[in-house]
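Could you put together the complete structure from these sequences and hints?
Note that the protein sequences, when read in sequence, are chains A and B. Residues are numbered in the numbering used here as their position in the first sequence, beginning at 1, plus a constant of 11. Residues are numbered in the numbering used here as their position in the second sequence, beginning at 1, plus a constant of 12.
Worth double-checking, as some hints may not be accurate.
[Said to hold, decoys possible] In the EDC-like style, the derived pairs of lysine to aspartate or glutamate whose C-alpha atoms are separated by at most 16 Å in a straight line are:
#1 K52(B) with E26(A)
#2 K30(B) with E79(B)
#3 K48(B) with D97(B)
#4 K110(A) with E56(B)
#5 K48(B) with E96(B)
#6 K64(B) with E36(B)
#7 K53(B) with D97(B)
#8 K31(B) with E79(B)
#9 K34(B) with E79(B)
#10 K53(B) with E16(A)
#11 K110(A) with E68(B)
#12 K30(B) with E13(B)
#13 K52(B) with E16(A)
#14 K30(B) with D97(B)
#15 K110(A) with E112(B)
#16 K68(A) with D78(A)
#17 K28(A) with D95(A)
#18 K52(B) with E96(B)
[As the list claims (entries may be wrong)] Computed footprint of chain A on chain B, listed as stretches where at least three residues anywhere in the stretch have a Cβ under 8 Å from a Cβ of chain A:
#19 48-54
#20 104-114
I should point out that these hints are in silico values taken from the structure, not numbers from a laboratory. Just so we're clear, the structure is a prediction, and the values are computed from it rather than from any experiment. Where a beta carbon is used, it is the ideal one built from N, C-alpha and C, also for glycine.
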Amino acid sequence: KNQVEQSPQSLIILEGKNCTLQCNYTVSPFSNLRWYKQDTGRGPVSLTIMTFSENTKSNGRYTATLDADTKQSSLHITASQLSDSASYICVAISGGYNKLIFGAGTRLAVHP
Amino acid sequence: ETGVTQTPRHLVMGMTNKKSLKCEQHLGHNAMYWYKQSAKKPLELMFVYNFKEQTENNSVPSRFSPECPNSSHLFLHLHTLQPEDSALYLCASSQGTGPETQYFGPGTRLLVL
Chain A
12 KNQVEQSPQS LIILEGKNCT LQCNYTVSPF SNLRWYKQDT GRGPVSLTIM
62 TFSENTKSNG RYTATLDADT KQSSLHITAS QLSDSASYIC VAISGGYNKL
112 IFGAGTRLAV HP
Chain B
13 ETGVTQTPRH LVMGMTNKKS LKCEQHLGHN AMYWYKQSAK KPLELMFVYN
63 FKEQTENNSV PSRFSPECPN SSHLFLHLHT LQPEDSALYL CASSQGTGPE
113 TQYFGPGTRL LVL
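Okay, structure coming up:
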């Protein structure tokens, strides 16, 4: 069964600190993996896109990694800011049918 | 802004009411989607339209009725909903139905009493 699991479910960190969010997926065949950021009251916005052949992708203070062998991805946030408070959703896309398999998200709260 | 707008942003309705959600995209995309997002659960794909034609219906109950008059507009007609239908309904669009990035609207927060 295609599925995406994210951990932790929620996380609280202090402003300026780094954090890493985890994503494990069981999607076959696998095409690419995306991380979305969803602010409260908004729709998800794409942060990074990685194909199976890419190991890392950065977008400002956000760095995503992908290990296609272990089927794991992580999103690292550096020097967190209050505006990073949001839900972060991992999405694995299956090849062929281009099905998007969504994780339940990690809710991050950055406190001053 | 992502170029995808949704109205209304909030909606409260009784189980016997009929209402409609509207989505409009200004990105020139050909594909549009309806998703349901419930608390602490993954997004659930409901419907997919490509070039105005419905290409996917993920076993959605008939009390949800989509309509796509053109590639820029998508509606979700609601009637005789249940309290468990309360959720955030998100519209998205993409250039095609391949692996292209989907752009989401802000969603409609629906409460069914």
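Quick rundown of the hints versus the structure:
no.: 1; hint: K52(B) with E26(A); in the structure: violated, 24 Å
no.: 2; hint: K30(B) with E79(B); in the structure: holds, 15 Å
no.: 3; hint: K48(B) with D97(B); in the structure: holds, 9 Å
no.: 4; hint: K110(A) with E56(B); in the structure: holds, 12 Å
no.: 5; hint: K48(B) with E96(B); in the structure: holds, 11 Å
no.: 6; hint: K64(B) with E36(B); in the structure: holds, 13 Å
no.: 7; hint: K53(B) with D97(B); in the structure: holds, 13 Å
no.: 8; hint: K31(B) with E79(B); in the structure: holds, 13 Å
no.: 9; hint: K34(B) with E79(B); in the structure: holds, 10 Å
no.: 10; hint: K53(B) with E16(A); in the structure: holds, 11 Å
no.: 11; hint: K110(A) with E68(B); in the structure: holds, 11 Å
no.: 12; hint: K30(B) with E13(B); in the structure: violated, 29 Å
no.: 13; hint: K52(B) with E16(A); in the structure: holds, 12 Å
no.: 14; hint: K30(B) with D97(B); in the structure: holds, 14 Å
no.: 15; hint: K110(A) with E112(B); in the structure: holds, 11 Å
no.: 16; hint: K68(A) with D78(A); in the structure: holds, 12 Å
no.: 17; hint: K28(A) with D95(A); in the structure: holds, 11 Å
no.: 18; hint: K52(B) with E96(B); in the structure: holds, 14 Å
no.: 19; hint: 48-54; in the structure: holds (count 3)
no.: 20; hint: 104-114; in the structure: holds (count 6)
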